[in-house]
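J.: The UniProt record's numbering numbers the first residue of the sequence shown as 1 and each following residue consecutively.
The reader is advised that the hints may include incorrect statements.
What the hints assert, rightly or not - Computed cross-link-like contacts, DSS-like style, restricted to lysine-lysine with a CA-CA straight-line distance of at most 27 angstroms:
(1) K167 with K87
(2) K127 with K143
(3) K127 with K66
Source of the hints: derived by calculation from the structure; they are not laboratory data.
It should be emphasised that the depicted structure is a prediction, and the values quoted were computed from it without experimental measurement.
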Amino acid sequence: MASNPTDNSQQRPRHRNGPPPPRRQGRNPPPPRYQPQQHQSTTTITTAHAPQEKKKPVFVKVDQLKPGTSGHTLTVKVVSQTSVPQKPNTASSSSHLRANRISECLVGDETASILFTARNDQVELMKPGATVNLRNAKIDMFKGSMRLAVDKWGRIEVTEPVEMVVKEDNNLSLVEYELVNVEE
Numbered sequence: 001m002a003s004n005p006t007d008n009s010q011q012r013p014r015h016r017n018g019p020p021p022p023r024r025q026g027r028n029p030p031p032p033r034y035q036p037q038q039h040q041s042t043t044t045i046t047t048a049h050a051p052q053e054k055k056k057p058v059f060v061k062v063d064q065l066k067p068g069t070s071g072h073t074l075t076v077k078v079v080s081q082t083s084v085p086q087k088p089n090t091a092s093s094s095s096h097l098r099a100n101r102i103s104e105c106l107v108g109d110e111t112a113s114i115l116f117t118a119r120n121d122q123v124e125l126m127k128p129g130a131t132v133n134l135r136n137a138k139i140d141m142f143k144g145s146m147r148l149a150v151d152k153w154g155r156i157e158v159t160e161p162v163e164m165v166v167k168e169d170n171n172l173s174l175v176e177y178e179l180v181n182v183e184e
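Whenever a hint applies, use it, and build me the whole structure from the sequences.
T.: Structure representation (C-alpha cells):
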C-alpha cells in the first residue's frame, strides 16, 4: 500500500506525561532569583537592590590635590573669573547646537589656589567672592598643568560666605607636570 501525502495519521504530535520541557532562554536570560540564605540563628534575604549607606563627605584642602585624581569634596572661595572666548561656528559643526560657555575661575582656600574650569550653567554660580562646595570634583590636566572641574556626576553648591583668606601665591595650576612612563 502506497503512502498518501495527505494522510495525517503519522504526523500527530505525541502526548507526553508530566510538565512541558523548559523554554530556551534568549541572549539575556533573566537574573537568578534570590533565595533566603539560612544561617544558624537568623534568616537573611539578599537582594539585588539593597540600599547603599551614604558616607559622610571627607573635605580636603586645595594643597592636597594631585594630578589624575577624582572624587574630591572641598570648600573654596572664588577669587576671580575670566571668560574663555569660543571659536566661531565652522561649517563642520552644526548651527543648531548652542555654544558652550567656558570660564576659568581662580578658586582656593587658606592652603593654596587652583584654576577651576566652569562650563555652561556653572558659570553663573562661580562669581568672584562666592563661597562654594564642590562635590565629586576631579583634576583635569590641560597643557601639563592641573585644572579643577566638576562634571555631570558632581555638584556645585553655593554656601553662605565664609571668612577665608585665599593663599594666591601657592597656585597649583602654575606647576607644570610631565607624563613619565614607568616600566616595572
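J.: State for each hint whether it applies.
T.: Consistency of the hints with the structure:
1. The straight-line distance between the Cα atoms of K167 and K87 is roughly 33 angstroms, outside the 27 angstroms bound, and the hint therefore fails.
2. About 25 angstroms separates the Cα atoms of K127 and K143, which keeps this hinted pair within 27 angstroms; it holds.
3. This hinted pair checks out: K127 and K66 have alpha carbons roughly 25 angstroms apart, not beyond 27 angstroms.
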